[in-house]
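As given, the protein sequences belong to chains A and B, one line each in that order. No gaps in the numbering here: position 78 of the first sequence is 78 in the numbering used here, and each next residue is one more. No gaps in the numbering here: position 25 of the second sequence is 1025 in the numbering used here, and each next residue is one more.
These aren't lab readings, by the way, just hints derived from the structure by calculation. Computed from a prediction, not measured in an experiment: that's the story for all the values here. We put the CB at the ideal spot given by N, CA and C, even for glycine. Misleading hints may appear alongside valid ones.
Sample of chain A residues lacking proximity to chain B, with all beta carbon distances greater than 10 Å (derived) [stated by the list, open to error]: (1) E20; (2) N24; (3) Y25; (4) S26; (5) Y27; (6) Y39; (7) R49; (8) N64; (9) E67; (10) K73; (11) Q78; (12) G101.
Below 20 Å or equal to it, Euclidean Cα-Cα: the simulated SDA-like pairs (lysine to any residue) are [to be verified]: (13) A:K73 with A:E20; (14) A:K22 with B:G1040; (15) A:K65 with B:Y1101; (16) A:K22 with B:P1039; (17) B:K1009 with B:Y1101.
These are the residues of each chain, in order.
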Amino acid sequence: AQRVTQPEKLLSVFKGAPVELKCNYSYSGSPELFWYVQYSRQRLQLLLRHISRESIKGFTADLNKGETSFHLKKPFAQEEDSAMYYCALLDNAGNMLTFGGGTRLMVKP
Amino acid sequence: NAGVTQTPKFQVLKTGQSMTLQCAQDMNHEYMSWYRQDPGMGLRLIHYSVGAGITDQGEVPNGYNVSRSTTEDFPLRLLSAAPSQTSVYFCASRILQRTPYNEQFFGPGTRLTVL
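For reference, chain B alone in the conformation it holds in the complex (with noise of 0.2 Å):
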C-alpha cells in the first residue's frame, strides 16, 4: 500500500494564481482532511472529509475549497493564492469512527510558496 501520497511535493506560485494540491489515500479510509503547518503554530486543520459528498470547515477555512468525490481523493483548491497561505500543507486519513486507538496517516506534504 502506498498510504497517503501528495503532489507535488514543491510549489512555487504568485499572487493572485489559483492551483490544486492532490491527495490520494488506499486505506479506503472514510475520514480524510487538510492541515497547514507554520513554525510555532503547530498543524492546523483547513477543511475535512467524513465521507464521499461529505466537506466541512476546520480551523482555518478561508481561501481554500475542497471536495471528494470518491473515496480515495481529497484535492485542496486555492482559488486566488496569497503570501498568508506559504506553508507546508498535510493531507490526513484514518478510520470514521471516534476510538482511543485512532491513528490518522499523514502524507509526505507540499511546500508551498506564493510570492
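Next up, chain A with everything else stripped away, as it sits in the complex (with noise of 0.2 Å):
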C-alpha cells in the first residue's frame, strides 16, 4: 500500500525566512509526486511536479528516491505563502492519488 507523510502539521515562519514542508513516501513503484497548494477560500491547486523539476513562487522540489522524499523547499517566504500544502503520490496504475496528511504553512510579517 502507498502511503505519504507529512510529519508537520503546523510550519510557522517570518517573511524572509527559508521554508521547508517535509514529504515522505512509501510505495513499491516507481512514484510519480505532486505538490498540491489549497489557499484561504480557494480550491485545492497543483503547485508543482517531480517531473518537471521546475520553480513555481520560488518553490521546487527534488525527489530523492534514497531517502523517499520529496521535500517542498522555498529560500525566501513571503506572506502570501500562507496556505495549505499537500504532498501526493500517483500509483503505478494512475488509478489512486494519495495526499499526505497536509502541512499549515504560516509567513508571520
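From the two separate chains plus the hints, produce the assembled complex.
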C-alpha cells in the first residue's frame, strides 16, 4: 500500500526566512509525486510536479528515491505563501492519488 | 469553462438521512474522483471512476455509493448519514492516462455536517 507522510501539521516562519515542508513516501513502484496547495477560500490546486523540476512561485522540490522524500523548499518565504500544502503520490496504475495529512504554512510579517 | 462544479456548498443532515452530493465537469475528463478532507488526515479517496459506467472503491468507501452514467457527472450518495461523515467533500477530475504531467482539477468543496 502507498503512504505519504507529512510530519509537520503546522510550520510557522517569518517573512524572508527559508522554508522546507517535509514529505516522505512509501511505495513499491515508481512514484509520480506532486505538491498541491490550498490558499484560504480557494480550491486545491497543483503547485508543482516532480518530473518538471521547475520552480513555481519560488518553490522547488527534489525527489530523493534513496530517502523516499520529496521535500518542498523556498529560500525566502513571503506572506502570500501562507496556505495548506499537500504532498501527493500517484500509483503505477494511475488510479489512486494518495495525499499526505497536509502542512499549514504560516508566514508572519 | 466552469471546470469542476459541486453542489451544494453547505449541507446539514440528521443522522440516518440520505442525500446526494453533485459533481460535474466540462473538461471531458474520463477520470473523476471523490475525496473527503478531515483535519490532520489530509484528503482520503472515497470512490473513483475511469469512465462512464465504471466505478471503483478508494481508501474509505464505506457508507458511500457512486455511479457514473455520463462523462460529465459523478454524484456521491450517502444512504444513511452518520456523524462520522461530517467532513468537507471534494470532487476532482483529470485525464485518464497516467503521466508525470497529470494535473488533477478540484471542485470548490461541499461542507457537510451530520448531527
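Quick rundown of the hints versus the structure:
1. No beta-carbon of chain B is positioned within 10 Å of the beta-carbon of E20 of chain A; the least distance is around 19 Å.
2. Listed as a non-interface residue, N24 of chain A keeps its Cβ farther than 10 Å from every Cβ of chain B; the least gap is roughly 14 Å.
3. Listed as outside the interface, Y25 of chain A is consistent with that label: its C-beta sits roughly 13 Å from the nearest C-beta of chain B, beyond the 10 Å cut-off.
4. Remark: the non-interface label on S26 of chain A is consistent with the geometry, its nearest Cβ contact in chain B lying 15 Å away (cut-off 10 Å).
5. Against the 10 Å criterion, Y27 of chain A stays outside the reach of chain B, whose nearest CB is about 14 Å from its own CB.
6. A cut-off of 10 Å between C-beta atoms confirms that Y39 of chain A is not in contact with chain B; the least separation is 12 Å.
7. At roughly 6 Å, the least C-beta separation between R49 of chain A and chain B is not larger than 10 Å, which violates its mark as non-interface.
8. In this structure N64 of chain A is separated from chain B by more than 10 Å, as the shortest Cβ-Cβ distance comes to about 16 Å.
9. Against chain B, the non-interface label of E67 of chain A holds: every CB pair exceeds 10 Å, the least being about 20 Å.
10. Distance check for K73 of chain A against chain B: the nearest CB is about 20 Å away, which clears 10 Å, and the non-interface claim stands.
11. Consistency note on Q78 of chain A: stated as away from chain B, and its beta-carbon is indeed over 10 Å from all of that chain's, at 23 Å minimum.
12. The beta carbon of G101 of chain A is not kept farther than 10 Å from every beta carbon of chain B, the shortest such distance being approximately 4 Å.
13. Proximity of K73 of chain A to E20 of chain A is assessed by CA-CA distance (about 4 Å); at most 20 Å being required, the pair is judged to hold.
14. Of the supplied pair hints, the one linking K22 of chain A and G1040 of chain B holds, its CA atoms being roughly 15 Å apart against a limit of 20 Å.
15. This hinted pair checks out: K65 of chain A and Y1101 of chain B have alpha carbons roughly 19 Å apart, not beyond 20 Å.
16. Taking the CA atoms of K22 of chain A and P1039 of chain B, the gap is near 18 Å; set against the 20 Å cutoff, the hint holds.
17. Straight-line distance between C-alpha atoms of K1009 of chain B and Y1101 of chain B comes to about 30 Å, which puts the hinted pair past the 20 Å bound.
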